[in-house]
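Participant: For chain G, the structure is supplied; the task is to place chain U on it using the hints.
Protein chains in written order, with the numbering used here: chain G, 1 to 310; chain U, 1 to 275.
Treat the hints as calculated values from the structure; they're not laboratory data. Cβ atoms here follow ideal geometry from the backbone N, Cα and C, with glycine treated the same way. There may be inaccurate statements among the hints.
Said to hold, decoys possible - According to the in silico footprint, chain U covers these stretches of chain G (three or more CB under 8 Å from chain U):
hint, stretch
1, 130-144
2, 229-237
Stated by the list, open to error - Chain U stretches covered by chain G per the calculated footprint, using a threshold of three residues with CB under 8 Å from any CB of chain G:
hint, stretch
3, 110-121
4, 178-186
Claimed, not checked - Quick list of simulated restraints, FRET-style, between CB atoms:
hint, chain 1, residue 1, chain 2, residue 2, range
5, G, Leu-204, U, Gly-189, 41 to 47 Å
6, G, Leu-204, U, Asp-35, 30 to 36 Å
7, U, Lys-117, G, Asp-121, 25 to 31 Å
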Amino acid sequence: MATTTTSSAVAKPMLAHKRPLWFEGVIHVLLIGCAAVSIVTTIGIVLILLSQSIPFFSEVSLVEFLTGTRWTPSFEPQHFGILPLFCGTALVAGGSALLAIPLGLGTAIYLSEYASPLVRDVVKPMLELLAGIPSVVFGFVAVVFVSPLVRQAFPSAHLSNALNACVVVSIMILPMIISLSEEVLRAVPRSLREAAYALGATKLDVTVRVILPAALSGIVAAFILAITRAIGETMAVSLAAGGTPRLSLNPLQSVQTMTAYIVEVSQGDIAAGTLEYRTIFAVGLALFVCTLVLNVFAQGILGRMREKYE
Amino acid sequence: MPANLEANLHLTDVLPHAADELSALAQKVATKAVDFFYGDHQALHGISLGMPIHRVTALIGPSGCGKSTFLRCLNRMNDMIEDTVVRGEILLDGEDIYRRGADVVELRKRVGMVFQKSNPFPKSIFENVAYGPRVAGIRDRGVLNEIVERSLKQAALWDEVQNRLRDSALQLSGGQQQRLCIARALATGPEVLLMDEPASALDPKSTAAIEDLIFELKETYTIVIVTHNMQQAARVSDQTAFFFEGQLIEVGATNELFTNPREKQTEDYITGRFG
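Chain G on its own, in the form it takes in the complex (with noise of 0.2 Å):
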């Protein structure tokens, strides 16, 4: 090398050109596969949803599964009216949010204008520790510990009920809810703050009437994206819930949610290829639908955030 000259100079940059050129490409193809895989999945996941919901559609109109009130397929009459699991996703998932959002944006409020940096560090680290509780933990808390609590308080609580679900999916979908919330109102340009402070606001002032309608679209979509994973959880759930589809708002009762429906049915006995093993891809797509609305509302509204300020 370099043997034509006697400048090192020159011989130097040959040296940075050992690795062959192809191997950039075959780097950039396998990255491409890495990519490839969640994308096909997701495309494959849809396909499966809608191609085993088909057959389901001929048999049950989708009038009927969409306003139906009596969700009965596995014993005579058979009905398939979605809304009583509807309704028991949506009471779950409702409750938890309106117990877990005053915390979580109470406490991402603290965190993001009061906590100094040490309790900062403290916090943090301990919400991470609690989004990595497995669910079906929460949900063995929500039966031998809520439970018991709710029934003392209200006696004629059933022994699983909404409103246990609720109080665990609230403890579980609360770390989402700081850190989102915590990250948009921490995103708040340090110049507004400032501004606010220098027109002699005090930190109340600031955090009502500037930071927080700043942040208010961010908040929102964590607020959004939050009830989307509450929608979609399912282990706490089916635990502490129950299982009885039922068309009502008390959550004293035990109701089941549509994702607690698809693990009885896929656990149970039931004959693969029957109209009422099919349900479960007609609810799957149900939910799927539910949550996809939502993220994408959610996304949307970050989005704007973003341009707002940059």
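Facilitator: Same frame as chain G, but now just chain U:
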């Protein structure tokens, strides 16, 4: 060798008039041997500077010389930065603003600030200007309308925005946004106005508008302005203070400091030999 206001008196035998006039005025804000630390790093060394009432004091010096840090001490804006320490005295009408029990909210109502980058709230033009009065507890619609109109007129923005007060402030041009920020600062009825390079991000026309405005405003307010632009300091200020590496090198009547600096470092800086 740090100079201070007393040292100005040396100038009197050279150009007596301007320095005499300045030293005869009451000092609205005065600092005495102010040291400032970011953690272990000392950013200001014993700054003693008097800012005469109803005059414009310009703070000049190269980047990182401490002039912005000094400005932000005057309304305790540095309180927001963790791990900072101020020593010495900063007097507003003779009262130490860092004294125990001093009301920092009240201080900031009396000492307004305009920042380098215009920072309107993502609210309407009206709400931006009304923010200060609102946090001060003014609820009466008529009073708010009056304050907003007066402040926008003082900031020479009223004619351009009077028909669209409900529009978002973010729709205004850069120069208009900065004048809106000035109007917002004026709306709290301050006595002192701190300006941190208020025109550095603006085009020449908007800069000229801001400079005219400063000239008008000093009738009513005491102004302290940080600027990188020497011509601007020469145009708008009555007194200029030159900072270098956290020291106050020289302070004097503006026309004297620019025509006849006493210190070699000042001369090198204003003639463009460094900085």
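Participant: Against this structure, judge whether each hint is valid.
Facilitator: Status of each hint after checking the structure:
1. 130-144: Violated - the stretch 130-144 of chain G has 0 residues with a Cβ nearer than 8 Å to chain U, which falls short of three.
2. 229-237: It is violated, with 0 qualifying residues against the three required.
3. 110-121: This one holds; 7 residues, not fewer than the three required, reach chain G with a Cβ under 8 Å.
4. 178-186: holds (count 3)
5. G:Leu-204 - U:Gly-189: 41 to 47 Å: Because 22 Å falls outside the window, the suggested range is violated.
6. G:Leu-204 - U:Asp-35: 30 to 36 Å: holds (32 Å)
7. U:Lys-117 - G:Asp-121: 25 to 31 Å: Since the Cβ atoms of Lys-117 (chain U) and Asp-121 (chain G) sit about 30 Å apart, the hinted range of 25 to 31 Å holds.
The structure fails to meet hints 1, 2 and 5 from the earlier list, while all remaining hints are met.
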